[in-house]
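I would like the entire structure built from these sequences, with the hints used as guidance.
Here the protein sequences line up with chains A and B, keeping their order.
The first sequence begins at 1 in the UniProt record's numbering and counts up one residue at a time.
The second sequence begins at 1 in the UniProt record's numbering and counts up one residue at a time.
Simulated from the structure, these hints should not be mistaken for laboratory data.
Beta carbons are placed, not taken as given, at the ideal position from N, Cα and C, and that holds for glycine.
Check each hint, because a few of them may be wrong.
Claimed, not checked - What the simulated footprint calls covered on chain A by chain B, stretch by stretch (three residues with Cβ under 8 Å from a Cβ of chain B suffice, anywhere in the stretch; the number is not a length):
| hint | stretch |
| --- | --- |
| 1 | 163-172 |
| 2 | 190-204 |
Stated by the list, open to error - Okay, the calculated beta carbon distance ranges per label pair:
| hint | chain 1 | residue 1 | chain 2 | residue 2 | range |
| --- | --- | --- | --- | --- | --- |
| 3 | B | 133 | A | 293 | 30 to 36 Å |
| 4 | B | 54 | A | 294 | 48 to 54 Å |
| 5 | B | 210 | A | 282 | 56 to 62 Å |
| 6 | A | 27 | B | 133 | 51 to 57 Å |
| 7 | B | 43 | A | 188 | 29 to 35 Å |
| 8 | A | 30 | B | 152 | 50 to 56 Å |
| 9 | A | 123 | B | 32 | 33 to 39 Å |
| 10 | B | 260 | A | 188 | 45 to 51 Å |
| 11 | A | 155 | B | 129 | 48 to 54 Å |
| 12 | A | 108 | B | 31 | 55 to 61 Å |
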Amino acid sequence: MTPTPARTSNSRAPRGNATLTRIGFGIGGILLLVVVWELYKALGPATGVMIGDLTILPRTTDLAMPHVWDMIGRLFEDGGTGRNAVPVWLAVLRASVFSLGVAAVGWVVGVVVGLALAVLMQRFRTAESAVLPWIILSQTVPLIAIAPLVRRWGSQIEFGDFSWENWMSVAVIASYLAFFPVSIGALRGLNSPDTIHVELFRSYGIGWWKTLFTLRFPASVPYLLPALRLAAANAVIGTVVAEVSIGLRGGIGRMIIEYAQQASGDPAKTWAPIFGAVAIGLVAAGFIALLGVLLRRYRRGESPA
Amino acid sequence: MSEASVSSPEPQPAAPAAEVRDVEVPAVEVRGVDKIFTGKKKATVTALEEIELTVAPGEFVSLIGPSGCGKSTLLRLIADLDTPSTGTITVFGKTARQARIDQEYGIAFQQAGLLPWRTVTANIELPLELHGVGSAARKARSAELLALVGLSDFADNYPDQLSGGMQQRVAIARSLAESPRLLLMDEPFGALDEMTRERMQTELVRICAETGAAVVFVTHSIPEAVYLSNRVVVMSPRPGRIRDILTVSLGSASERGEQLRENEAFFENVSKVRELLHGEAPVGIRGVETR
Numbered sequence: 001m002t003p004t005p006a007r008t009s010n011s012r013a014p015r016g017n018a019t020l021t022r023i024g025f026g027i028g029g030i031l032l033l034v035v036v037w038e039l040y041k042a043l044g045p046a047t048g049v050m051i052g053d054l055t056i057l058p059r060t061t062d063l064a065m066p067h068v069w070d071m072i073g074r075l076f077e078d079g080g081t082g083r084n085a086v087p088v089w090l091a092v093l094r095a096s097v098f099s100l101g102v103a104a105v106g107w108v109v110g111v112v113v114g115l116a117l118a119v120l121m122q123r124f125r126t127a128e129s130a131v132l133p134w135i136i137l138s139q140t141v142p143l144i145a146i147a148p149l150v151r152r153w154g155s156q157i158e159f160g161d162f163s164w165e166n167w168m169s170v171a172v173i174a175s176y177l178a179f180f181p182v183s184i185g186a187l188r189g190l191n192s193p194d195t196i197h198v199e200l201f202r203s204y205g206i207g208w209w210k211t212l213f214t215l216r217f218p219a220s221v222p223y224l225l226p227a228l229r230l231a232a233a234n235a236v237i238g239t240v241v242a243e244v245s246i247g248l249r250g251g252i253g254r255m256i257i258e259y260a261q262q263a264s265g266d267p268a269k270t271w272a273p274i275f276g277a278v279a280i281g282l283v284a285a286g287f288i289a290l291l292g293v294l295l296r297r298y299r300r301g302e303s304p305a
Numbered sequence: 001m002s003e004a005s006v007s008s009p010e011p012q013p014a015a016p017a018a019e020v021r022d023v024e025v026p027a028v029e030v031r032g033v034d035k036i037f038t039g040k041k042k043a044t045v046t047a048l049e050e051i052e053l054t055v056a057p058g059e060f061v062s063l064i065g066p067s068g069c070g071k072s073t074l075l076r077l078i079a080d081l082d083t084p085s086t087g088t089i090t091v092f093g094k095t096a097r098q099a100r101i102d103q104e105y106g107i108a109f110q111q112a113g114l115l116p117w118r119t120v121t122a123n124i125e126l127p128l129e130l131h132g133v134g135s136a137a138r139k140a141r142s143a144e145l146l147a148l149v150g151l152s153d154f155a156d157n158y159p160d161q162l163s164g165g166m167q168q169r170v171a172i173a174r175s176l177a178e179s180p181r182l183l184l185m186d187e188p189f190g191a192l193d194e195m196t197r198e199r200m201q202t203e204l205v206r207i208c209a210e211t212g213a214a215v216v217f218v219t220h221s222i223p224e225a226v227y228l229s230n231r232v233v234v235m236s237p238r239p240g241r242i243r244d245i246l247t248v249s250l251g252s253a254s255e256r257g258e259q260l261r262e263n264e265a266f267f268e269n270v271s272k273v274r275e276l277l278h279g280e281a282p283v284g285i286r287g288v289e290t291r
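Structure, rendered in structure tokens:
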């Protein structure tokens, strides 16, 4: 057999030009949104577009739709007086870092719990029948309903120097949202190895645990990464919403409420924590993308023989 | 499917070693094996019935027959990937289960079944790694096997960078990794094109001659069975039975080369197998692929 020259593994990496093009389109997309916003604000009716009594496009007043440059400019002015006398961007940054930390704890707990459930369900068919309906049901319970429960139960936990704090309740709620996609995605991934691979390991006389780590986990990576990305998004949303329902200070969720209350006098300020929430989401997505790069070895497809 | 379901201690231990070493222990011995699958609503399918087969050490035996004749099932029983309903199977004097645990055989399937996240080298080293062989010994062995299957230049490539035939050669190298005395192959060339297939057959004959391993080879190609084998086991379907066993005398493995395919004796044997398969006088033109 004459060996065909092997493709080098880096031939998949996009060339410099392609990368620039992609960045260009990314920036273009953001600019397009800004242009559409400002165009509508300039040309749209001040009362908004209505069909009958139904508003389908918002009012274009400065109160409802501040100029983009006002929103950005507001970031660099002080947020208030006294304790709040720091630029808005700094306050938002601090709150974002705080929320991101809580979301990260929630994500990690959610991923661990989700993986554990998936492994349990993979191992025992009966566990899958017994547990899977509960996992799905768990996601139908409204977050607002469980937040006070978690807080109350948490406050009863106390041993030694450890005492339950509110941020832990928020992290628990974030993990409650995060574990779901992980358990479902990981279960699919763990069951994804071909029969031939499973039988090969059986022919090697390899036990279930070793098969789990050498075969099932590596094979599950392509299913796991999207699940982890969903979990990250869920953890961020869960954190922001739970901060509001539990009343945790210092995070972006509480800040959104506080600034919204000042909206009538300071409409541009309302948008600052929303930018913060977007930034948290981007950082979380970036982290998963990085994880995907580190695990790229496990994302190769075997071409059919 | 899970390992745990079979991890209960085997009640009967392997046959005493001293007793069986005196006479030549067959590589595979199948005695009175039936296999009945129970489907939905208690419907049963008899996949194998009264199978008797002995494979000597170093012997190349092909199982041939139409789809559904149970040839793959028989291979899976020998590999202990499934258990017979009645009868016994021994591999080098041990139970099939013990032989699997002791790694007495190497196995290759129709699909290469390489792990896509491992390089060619790492795929070949997989069984060694799983059984705790040190990295230096693994490296030496994989280099040796890569040379044997002619893929030394592709050691660090990933399976998706190889053609189907090359992947299959890696799979064969992997099945040889632990120098098994028995190779079980389930249509390993079934998915390859005719030219690659013939080249792989020639290589397999050479590899078998070099390693001296016994082979049980499932195929549905008559020329392939005749070209490779010392004996061809012809099976018939529903229920799967051995119709006849044909001894092919085309010389030892080292004497078999490409020119054998043009040989008169080769065609004669092809005709005989076809006769046995169809259970009647040979029809059609000799040497034509009838897969």
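Residue 123 of chain A and residue 32 of chain B, beta-carbon distance inside 33 to 39 Å? holds, 36 Å
If you check the beta carbons of residue 133 of chain B and residue 293 of chain A, does the distance land in 30 to 36 Å? holds, 32 Å
Exercise. Is the distance from the Cβ of residue 210 of chain B to the Cβ of residue 282 of chain A consistent with 56 to 62 Å?
Worked result: holds, 59 Å
Note to self: Please check whether residue 108 of chain A and residue 31 of chain B have a Cβ separation lying inside 55 to 61 Å.
What the structure shows: holds, 57 Å
- Query: Using the C-beta atoms of residue 27 of chain A and residue 133 of chain B, is the stated range 51 to 57 Å upheld?
  - Reply: holds, 53 Å
**Asked** Is 45 to 51 Å a correct range for the gap between the Cβ atoms of residue 260 of chain B and residue 188 of chain A?
**Response** holds, 49 Å
| request: State, for the Cβ atoms of residue 43 of chain B and residue 188 of chain A, whether the hinted interval 29 to 35 Å holds or is violated. | output: holds, 31 Å
Given the hint of 50 to 56 Å, check if residue 30 of chain A and residue 152 of chain B actually sit that far apart at their C-beta atoms.
holds, 51 Å
(Q) At least three residues with a C-beta closer than 8 Å to a C-beta of chain B: is that true for the stretch 190-204 of chain A? (A) Per the Cβ count (10), the hint holds.
*Status of the given 48 to 54 Å range, CB of residue 294 of chain A versus CB of residue 54 of chain B*: holds, 53 Å
Open item on the list: Given a hint of 48 to 54 Å, does the C-beta separation of residue 155 of chain A and residue 129 of chain B actually sit inside it?
Closed with: Given about 50 Å between the Cβ atoms, the range holds.
Verify this for me: three or more residues of the stretch 163-172 of chain A with a beta carbon less than 8 Å from a beta carbon of chain B. Not satisfied, violated; 0 residues make the cut.
In summary, the structure is inconsistent with hint 1 from the numbered list given earlier, while agreeing with all the others.
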